[in-house]
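The listed protein sequences correspond, in order, to chains A and B. Every letter in the first sequence is one number past the one before it in full-length UniProt numbering, and letter 48, counting from 1, is 48. Every letter in the second sequence is one number past the one before it in full-length UniProt numbering, and letter 59, counting from 1, is 59.
Everything labelled a hint here was simulated from the structure, so no lab data went into it. In this text the structure is predicted, and so the values were computed from the model without any measurement. Among the clues, some could well be false.
Unchecked claim - With beta-carbon atoms standing in for the labels, derived distance ranges:
id, chain 1, residue 1, chain 2, residue 2, range
1, A, Ile97, B, Gly259, 47 to 53 angstroms
2, B, Asp159, A, Tyr22, 38 to 44 angstroms
3, B, Phe25, A, Gln11, 23 to 29 angstroms
4, A, Arg81, B, Cys372, 37 to 43 angstroms
5, B, Glu334, A, Ser105, 56 to 62 angstroms
6, B, Gly259, A, Val109, 40 to 46 angstroms
7, B, Phe25, A, Asp95, 24 to 30 angstroms
8, B, Gly117, A, Lys134, 48 to 54 angstroms
9, B, Gly259, A, Thr84, 56 to 62 angstroms
10, B, Asp43, A, Glu87, 55 to 61 angstroms
11, B, Cys372, A, Lys134, 48 to 54 angstroms
12, A, Thr136, B, Gly259, 38 to 44 angstroms
13, B, Asn114, A, Arg81, 57 to 63 angstroms
14, B, Glu165, A, Ile97, 48 to 54 angstroms
Said to hold, decoys possible - Chain A regions said to be covered by chain B (calculated; three or more residues, Cβ under 8 angstroms):
id, segment
15, 7-20
16, 23-32
17, 35-41
18, 65-78
Beta carbons are placed, not taken as given, at the ideal position from N, Cα and C, and that holds for glycine.
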Amino acid sequence: MGLGSDMYRQQILDHYKNPRNYGELEDPTFTHIGENPMCGDEIRMDVKLGDDEETIEHVAFKGDGCAISQASASMLSKELRGKTLEELQEMNRDDVIDMLGVDISPMRVKCAVLAEKVAQDGAEIYQGELDVEKTTTED
Amino acid sequence: MSQQNLESLDVGAIRDEFPILEREFDGQQVVYLDNAATTQTPDPVVDAMSDYYRESNANIHRGIHHLSQEASILYEEAHDRVAEFINADGREEVIFTKNTTESENLVAYAWGLNELGPGDRVVLTEMEHHASLVTWQQIGEKTGADVEYIRIDDDGRLDMDHARELIDDDTAILSAVHVSNTLGTVNPVSELTDLAHEHGALSFIDGAQAVPNRPVDVEAIDADFYAFSGHKMAGPTGIGVLYGKQHLLEEMEPYLYGGGMIRKVTYEESTWGDLPWKFEPGTPQIAEAVGLEAAIDWLEDIGMERIQAHEEEIARYAYEQLESEEDVEIYGPEPGPDRGGLVSFNVEGVHAHDLASIMNDHTIAVRAGDHCTQPLHDKLGVPASTRASFYVYNTREEVDKLVAALDDARQLFA
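Construct the entire structure; sequences and hints are all you get.
The structure is reproduced here in structure tokens:
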């Protein structure tokens, strides 16, 4: 097997080594952080909405963690641009795994979905539907 | 000395008793280096448990019939065997629990909750497993007792000066790991226990990573309580042990209530049965007790000193191989008498979870994460580490496979 590792295809490694939209937005509409306590993965997502207050205009992220969690955040930051908050909430783990384009072993799914959960929780907090300080992936 | 012992240990014959070690995934034989999490179970232990179910299964204690008598004797004698193994005075001092964590909780609830209050101190170490750390933290919150941690030095050893500072006349209990599941440090538990006793405090030693791989004598340590788990010592899951000095266990209230632990029950009140049954309510883990006894027989047939020598030699080899890699950082003391059979490390630029996934591509089983020592990892300044942990059936060739697989990680993440 060796380098044939299904999880570490070029695209994942590329996003891990050269993360897109890495950093912070100057005037985000909302910001949220989350962690995967088992692994110590951490993600902060900044989201800027358009004038309609529904459409995602910009996304930036900062984080620290394994290749899967960080690549997922990088890819999601591109993917979310132009989506509405409703479309963001409709995303599920299968969408994230499709986006990553690789088989994620069951024990690593939490790493993969962390960024998506942080974005979704951040949007819900912004809309007043949720009250948490920090998102954590459940065990 | 250990070299001679090692020569007489026939790893090939030992491995023959573990069919699971022959398993292959994608055509590659499993390399099992996750023994600090759980060890594999040899055929004689599996056979003892299946024989029990095939031939002797019944509920214990109150049965008049043959099978119940037989099961009761097997279950009770397993306590005697454990007592002999760790040099306890007898079955009265051996309580079967679910695991080390439950043993820790038993003392925390049955003793800690009743005895502690504001002004009392509980002393732990910075390398405690969550089993004791979280438990005593909670007891501290509930009782107002103060929880303090003995510092570790840069080599991952306990700072004994700090221990002497912390353990004072307000200290009610000290709880320390015998062998750290993350750093591999073997702590001076006898010295710590003496310190506790000098100040009238009790000593609880978590032996989950010690009993499987070295001779342990609770009387020599003089610990008031000592705990370990069956599944980390070639035995089954679902059974752990709490050793306690008899006079302490007698004074303690039960932790769980129900059938099997009572002497007399009326609608108004109940009185408790004898030790150890007072702490073992409900139908206990009978087959697992039989399995644990078989595991002890199996380990002692090999010899605990030889197991220790083998494990230390494999761990030393792994340490040296990993240390010679420039981009590998190892945690814990250097190989020697105060280091047990595990190595936790990180490869620069590769997250521990990614490394474990790449190892898994080679069917090498290691653990990545905080190993239930999250505050310790915070102190080490890393979110996670990869841990290779060894047992009596591991070989140098398996360590070589681990080291060779690091190259894949480097190539991917360079």
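Each hint tested on the structure:
no.	hint	in the structure
1	Ile97/A <-> Gly259/B: 47 to 53 angstroms	49 angstroms, holds
2	Asp159/B <-> Tyr22/A: 38 to 44 angstroms	40 angstroms, holds
3	Phe25/B <-> Gln11/A: 23 to 29 angstroms	25 angstroms, holds
4	Arg81/A <-> Cys372/B: 37 to 43 angstroms	40 angstroms, holds
5	Glu334/B <-> Ser105/A: 56 to 62 angstroms	34 angstroms, violated
6	Gly259/B <-> Val109/A: 40 to 46 angstroms	42 angstroms, holds
7	Phe25/B <-> Asp95/A: 24 to 30 angstroms	29 angstroms, holds
8	Gly117/B <-> Lys134/A: 48 to 54 angstroms	33 angstroms, violated
9	Gly259/B <-> Thr84/A: 56 to 62 angstroms	59 angstroms, holds
10	Asp43/B <-> Glu87/A: 55 to 61 angstroms	56 angstroms, holds
11	Cys372/B <-> Lys134/A: 48 to 54 angstroms	21 angstroms, violated
12	Thr136/A <-> Gly259/B: 38 to 44 angstroms	39 angstroms, holds
13	Asn114/B <-> Arg81/A: 57 to 63 angstroms	60 angstroms, holds
14	Glu165/B <-> Ile97/A: 48 to 54 angstroms	52 angstroms, holds
15	7-20	holds (count 5)
16	23-32	violated (count 0)
17	35-41	holds (count 5)
18	65-78	holds (count 4)
Violation of the numbered hints given earlier is confined to hints 5, 8, 11 and 16; the remaining hints are satisfied by the structure.
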